[in-house]
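*Asks:* Next come the chains, spelled out residue by residue.
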Amino acid sequence: MAKVLVVTSGKGGVGKTTSTAALGAALAQQGEKVVVVDFDVGLRNLDLIMGAERRVVFDLINVVQGVAKLSQALIRDKRLENLWLLPASQTRDKDALTDEGVRLVIEDLRTKFDWVLCDSPAGIERGATLAMRYADEAVIVANPEVSSVRDADRIIGMLDSKTAKAEKGEQVKKHVLITRYDTGRATRGEMLNIDDILEILATPLLGIIPESQDVLRASNVGSPVTLNNAASTPARAYADAARRLNGESVAMIVPAERKSFMGRLLGRRAA
Amino acid sequence: MSMNLLRFIRRRSGSAPVARERLQILLAHERGLRSQPDLLGILREEILAVVSRHVVLDPEKVVVRMDRGKSVSTLEVDIELPNGFEKKLAVAS
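Taken in sequence, the protein lines are chains A and B.
Quick note on the working numbering: the first sequence kicks off at -19 and runs consecutively.
Quick note on the working numbering: the second sequence kicks off at -7 and runs consecutively.
The set of hints was computed from the structure by calculation and includes no laboratory data.
Hints are not guaranteed to be accurate.
Think about it this way: if two alpha-carbon atoms lie no more than 20 Å apart in a straight line, the pair counts; the simulated SDA-like pairs of lysine to any residue are [what the hints assert, rightly or not]:
(1) K142/A - D30/B
(2) K142/A - R23/B
(3) K142/A - N75/B
(4) K153/A - E61/A
(5) K142/A - L25/B
(6) K53/B - E22/B
(7) K92/A - K142/A
(8) K145/A - N75/B
(9) K142/A - E68/B
(10) K13/A - I86/A
(11) K142/A - E22/B
Sample of chain B residues lacking proximity to chain A, with all beta carbon distances greater than 10 Å (derived) [unchecked claim]:
(12) L15
(13) Q16
(14) L18
(15) R23
(16) H46
(17) R57
(18) D59
(19) G61
C-beta atoms are modelled at their ideal positions from N, C-alpha and C, and glycine is treated no differently.
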């Protein structure tokens, strides 16, 4: 039974696209057949993060409007044979997406994949509501920062009211994914810590992704971080999160505090 | 010396508790408003209707604002009336 999962946040720049690519690749590495779908019409970026930007011919809008078949628009990953990308359109605007069109595409994808990961645009407008519309589950990406947590709370409210599941009286299964977490700063009380965020959002935790250079390095070369450097701390955190999505129980690891070389020598915490 | 020590302690305790408290207060309000959609919009429409019964006014010049505090919130209603509106009233009656 296919699962449709929306990766959303409300706020921009918190790591939705990075997380969609990393979780999609991790699920594919674990043997699932996965498609990642870019809903950010007009500002697509998932193709770039996946390293497939030069292979885009048709896109989601073409499929919704019947210009192209789904099979023509799907791009198979060059590294993992069970990972696919459905890109967004770069030239159209978000009004080109219709509720009915999205429903049909998602229904079609459900028959072909184990996982359909929808990368939501930022905001709470049409693009974001359509990305979550037919989801069974949601990953709410949040940074340990006030505006991100506030927007995450708003998005949780929308998942509980504006989705097809909510309208049927069912619940979208929600998970919080905390990204750009810095254990040292949280321990020193400079940054909201995990307990603060979970208490405020009252939503189960899917994973904690540490602030790390590996994330930027992976996006620079167009590879999901879970593929680019599977041994890195963010990659391991994403792989654990993917296992939890699949129903495995994996112990939650709070990323270790990073210490600078000088800090280690002096026995102090890195700034 | 004691000032420095105080500053040191304050810095160690960090600003995260402030962030947490501000969020908790704000979200408690926002979640309440979510269930009764657009309270401010409804208030604005109804105030506009009442005042319009007696005074001719520009709907654009009615501003309703809510300021949320920790223990009390204030509702600010700002209605701009055109000059000479009393004369119009006199004519009307």
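*Asks:* Now tell me, hint by hint, if it's right for this structure.
*Replies:* Verification of the hints:
no., hint, result
1, K142/A - D30/B, "holds, 16 Å"
2, K142/A - R23/B, "holds, 15 Å"
3, K142/A - N75/B, "violated, 46 Å"
4, K153/A - E61/A, "violated, 28 Å"
5, K142/A - L25/B, "holds, 16 Å"
6, K53/B - E22/B, "violated, 26 Å"
7, K92/A - K142/A, "violated, 26 Å"
8, K145/A - N75/B, "violated, 54 Å"
9, K142/A - E68/B, "violated, 31 Å"
10, K13/A - I86/A, "holds, 15 Å"
11, K142/A - E22/B, "holds, 17 Å"
12, L15, "violated, 5 Å"
13, Q16, "violated, 6 Å"
14, L18, "violated, 7 Å"
15, R23, "violated, 7 Å"
16, H46, "holds, 38 Å"
17, R57, "holds, 19 Å"
18, D59, "holds, 17 Å"
19, G61, "holds, 17 Å"
When each numbered hint is compared with the structure, violations occur for hints 3, 4, 6, 7, 8, 9, 12, 13, 14, 15.
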